[in-house]
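A.B. asks: Generate coordinates for the entire structure from the input sequences, incorporating the hints supplied.
Residue numbers (the working numbering), protein chains in the order written: chain A, 1 to 691; chain B, 1001 to 1691.
Source of the hints: derived by calculation from the structure; they are not laboratory data.
Hints should not be assumed to be uniformly reliable.
[Unchecked claim] In the BS3-like style, the derived pairs of lysine-lysine whose C-alpha atoms are separated by at most 27 angstroms in a straight line are:
| # | chain 1 | residue 1 | chain 2 | residue 2 |
| --- | --- | --- | --- | --- |
| 1 | B | Lys1118 | A | Lys604 |
| 2 | A | Lys118 | B | Lys1604 |
| 3 | A | Lys604 | B | Lys1034 |
| 4 | A | Lys604 | A | Lys577 |
| 5 | B | Lys1657 | B | Lys1604 |
Protein chains: 2
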Amino acid sequence: MFFAVFGILLLASQVIAETHSPALNLMPWPASIKPATGSLPIDPTFTVVLKGSDPRLQSVAEIFLNDLRRHTGMLATNLQVATGSQAGQLEIQSNAASKNPQQLGEDESYTLTVTPVKAELTAPTTLGVMRGLQTFLQLVEVSPQGFVVPAITIDDKPRFEWRGLMIDSSRHFMPVDVIERNLDAMAAVKLNVFHWHLSDNQGFRVESKKFPKLQEMGSDGLYYTQEQVRDIIAYAHERGIRVVPEFDMPGHSTSWLVGYPDLASNPGPYSIGREFGVFDPAMDPTRDSTYKFLDKFIGEMAKLFPDQFFHIGGDEVNGKAWDSNPKIQEFMHAHGMKSNNDLQAYFTRRVQKIVAKYGKTMEGWDEILLPEIPKDVVIQSWRGQKSLADAAHQGYRGILSSGYYLDLINPTSAHYAVDPFTGPTASLSDADKQKILGGEACMWAEYVSPENVDSRIWPRMAAIAERLWSPQNITDINSMYERLSAVNTWLDAVGVTQNTQYNMMLRRMAGDDDIGALRELVDLLEPVKGYSRYQLATTKPTSLTPMNRVVDTARPESIKAREFAGLVNAFVAGPIKPGMEAELRAQLTAWKSNAENLQPLAAKSWFVQEVMPQSQNLSSLSAAALQALDYLDRGEKPPAGWEQQQLTLVQQAYQPKAQVLLMVCPAIQKLIQYSAGTQVTELAIPQRAAE
Amino acid sequence: MFFAVFGILLLASQVIAETHSPALNLMPWPASIKPATGSLPIDPTFTVVLKGSDPRLQSVAEIFLNDLRRHTGMLATNLQVATGSQAGQLEIQSNAASKNPQQLGEDESYTLTVTPVKAELTAPTTLGVMRGLQTFLQLVEVSPQGFVVPAITIDDKPRFEWRGLMIDSSRHFMPVDVIERNLDAMAAVKLNVFHWHLSDNQGFRVESKKFPKLQEMGSDGLYYTQEQVRDIIAYAHERGIRVVPEFDMPGHSTSWLVGYPDLASNPGPYSIGREFGVFDPAMDPTRDSTYKFLDKFIGEMAKLFPDQFFHIGGDEVNGKAWDSNPKIQEFMHAHGMKSNNDLQAYFTRRVQKIVAKYGKTMEGWDEILLPEIPKDVVIQSWRGQKSLADAAHQGYRGILSSGYYLDLINPTSAHYAVDPFTGPTASLSDADKQKILGGEACMWAEYVSPENVDSRIWPRMAAIAERLWSPQNITDINSMYERLSAVNTWLDAVGVTQNTQYNMMLRRMAGDDDIGALRELVDLLEPVKGYSRYQLATTKPTSLTPMNRVVDTARPESIKAREFAGLVNAFVAGPIKPGMEAELRAQLTAWKSNAENLQPLAAKSWFVQEVMPQSQNLSSLSAAALQALDYLDRGEKPPAGWEQQQLTLVQQAYQPKAQVLLMVCPAIQKLIQYSAGTQVTELAIPQRAAE
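C.D. replies: Listed below in structure tokens is the structure:
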């Protein structure tokens, strides 16, 4: 369903007109914009004036000025916060302080007015100031006079109050600097919830002082100290981001059981999970000692994490651990439980009481929605809008994650098309609609390391952030991609590494500084989609498998292939514009030599050798496409059998090899069909696993 | 003199044969290498075995494994230190612990033997182990089987015991992360002294608890806390690097006087220096209160900085502050001092006594070498080998910095040609030669910010490191440049930002992601040389001037221009090889369109507009060079006046504009002269200020 929608939208995007000025690279796009004339210069003496009583404004302004310095290359001694009655070019007024800890639903609106002499930013709360300052930063542009901000008036507020990113720090540990730079990037696109998946089968990542064997035996030494956790929470808070911790239970909990096997439904010993997928081990919901443990543990963590919400996971319990323990079966029988679902409901209710005892609101995945769960829990849905609509009908609040799974390596447009209010949720009553709090993208970490995680999150995350912040009618895909490209570049200055690491990884695989041919190829490759990376692997990857191959380097979405497809679509749709064929020919001619140019690197590198079949396919397909253009130029019909032969080649070339896909195949198929005079069809992406 | 030598070497380099295997990208090149057959695989289970009693080996091995992970893209859970009696692929043996604090002259030698099944690294001290591990890292290469280290035996030791880099953190403050990543890079090329220039007119950068107004009033809030200093010293120590602090006195001290005007020779008030150059203010050497202050201050800093050496600067006192104070004149008269030199000698002797009282050996610039200074002080020479030879004759130890000033923006080959034992030092007796401890490169910070400082240090610093470590006969410039290119790439993984920031700065100036034409131009530009950046400026730069222009972005040495010059040299030297002219033509044809391609960016950016004259020159010169090739192809003599006209164009194009130089001018002059049949001459670089 998800992908069918995407296919239609991709085609539809070709005809949707621009709905706003393409010159402003704002993302998320604001609720209301009124451009004006002229621009405000940003020079080294630029000064910020703070009005309003919230003492926090000072640090908010300092973080802003640091960002502004990075975006303009100015020094720590340039750009100041005014002292005393000093005047300035940007006046910031917050009418009230925002809360600490930050609360769900605080006002984040702001008004920003820029004239050629002065900018004014006003907001009901300091949170709105933070959002407005990010807009101001995105407005900064270079001009013939140096850096400026164009004159403009913006009134803005978010569509949803919960706009999150989940990072799985369990399957692969993400060090503090990775988290912090992603918090910076989140703030840059106005996200407000960092959901931190802190425990799973593959690792328990937080220091517990009450149960130190959790991190000592369950983490390979890779965990956050409580001091680091507090630092990260403070860092997020300074950027207007709530931190919601998740401790997944009763399943997904093997790493807990290494140090505390008594928690388990079956006798140990246990060791840290290395495989991926759903594991059998689960906590024993029938013993009081389990809840005693969880009470102490949740009590400790509820103190460490100040947010109102506490995520207990609850997903994917396969029940095998319970089925195989006669005592558990006995317990179920004695309590009239007919299924493992009943047992999980019992567990969830008891855990909810503990969470509530420590003043928190419980959150969990769809599976926690079982009979007799209190109405204040929040459901995070990986199942989709129907699940959310059902929950809302029953009175539960929910957030959408289905369609926002970044680990499935889908194109930005696919995520952009997913709205919390499409399908079953669209027809909810207004009151029930209030229960849909927003959405959250998920970066599950089977196939990401600290080195490439940014490239799997960014820039796609920025488009999801727009979906959750901007008015529902902001859906123009071309405008989104245009602005996304600018935001992507701009995120480099924020510090995320999706672009810098790409070149570094290519050079490392090449063992050479001259990576032209390799980059030419990898620019056109994408990792396989959905869960097929695991399905296709001959040796199943584990959490110990290095991630240094082309599949780990290639971007989730090939912008080069997308641009080429756009050119081909325009070409086959006619009328043919001057220069279009020349552009196609230049590109195809370059690609035709790829295999020849890449061979010297392949000869010396295993990593390059692995993708030589893709390189050879690129060269063959480019040759075929050039032939297609030749036939068109000569007004000739290709000889019998030519088309079928080439289409077979395209089909083969579009099969995954080395777990990557050559993304120019569909466009080249179109050129072949067009020259043969047959109907131009869209080639379906192979190996897309169903969700 | 310095530059004349360079010119000759550049030409000579074309004919020097390779003296060692070009396949190994080692820098510094080891003292002895014996290649063997086969290679040792580096796979995820690679394990290090520690032999030897130094407990520090554990942390040394862990730092090494982190580096190895970065160079291979492996995970924190891959690559381990063996526990118990576990076997491994790399055995490390240190015969004795190195000292803490690290001492001048500790043994840094090591022997590394790699076979296809095992590597062994043995060293007399743990310092030698650190050096050998860096060699091991540089040996890691990609192969058809994945990452490997080639079988080899290396016996290695440094030529000089003092191999340093000075970073000026005063003129522009360099945050902790800048220092730490530079320490990583220093360790990677076996440097062992970080000289930290911590105070100057423009800023006092260390927290003093005894005299807090030093940092509170003298630093714009930009200083290192004592805790940060201790962390950096520990960080350096773990990498085998000594940290020598410099507190410059009695001149270069305006920033001290802001908080403590009583130290000055003239009444205050003083404010933090913003201008560059030699300042008038100086401490008052005639008052006992000055020495009381310095005694307390040096006592505090001697404790904070554990190194044996304590640098008191001592350079560039212009004497004006002393001349203008009658009391000081009176004092001089009363003590029979005939010149300011005598007064500085008095000051230096008294300060030396304080430094010695706290158990330290004093170091200073050439100017401290005055009558009656104790023989144990070390002279850091910005004046050159003669100054060092004179000092050695008098019994003083010295280190060479003349010729290693990175801020003068000279090509790597120029620095590489500078040897502590050329000229006056070459003829020293063996005993006096012992007094030349080594050398130290200096990164003065008038024109560097945290953003571009790495690009001014690296990769040129790696070649200086080789000069100071490797045997004196390792001088092949082509081999150096070849290996430097690999080391440059490799330093990216270490974390220095000379390459990543280049693209970021270009994109920022362009305000666009499509920076092809801008990079094409800036790849051929270099900042003006020597001190001409200041001399050429119409508005004199200060420490508050942003560094975000092309001159701040262009690399100190254009490798593209160097390669083009090499091609032209080969072309005009004949015999012409097939493909050579085609290569020249392809390059020149691309450059010919630069102005046209760059114009759209120039139209919207002040920063690009500033270098449009250079772009137009590049296009015109490329057109002229293509004409020259046309004449040659047709076997025609150019018409009368053509050559002169073109040479005038070249001369004009080689003038600095926007403080940058277009580095292809000399090569294009050669093509023009060659086609005209006149003598081919080397165009001298303009505006080189004498040192």
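A.B. asks: Next step is simple, just say for each hint if it's right about the structure.
C.D. replies: So, going through the hints one by one against the coordinates:
1. B:Lys1118 - A:Lys604: Satisfied, since the Cα-Cα distance of roughly 22 angstroms is no more than 27 angstroms.
2. A:Lys118 - B:Lys1604: holds (22 angstroms)
3. A:Lys604 - B:Lys1034: At roughly 22 angstroms apart (the allowed maximum being 27 angstroms), Lys1034 of chain B and Lys604 of chain A satisfy the hint.
4. A:Lys604 - A:Lys577: violated (43 angstroms)
5. B:Lys1657 - B:Lys1604: holds (20 angstroms)
Taken one by one, the earlier hints fail for this structure only at number 4.
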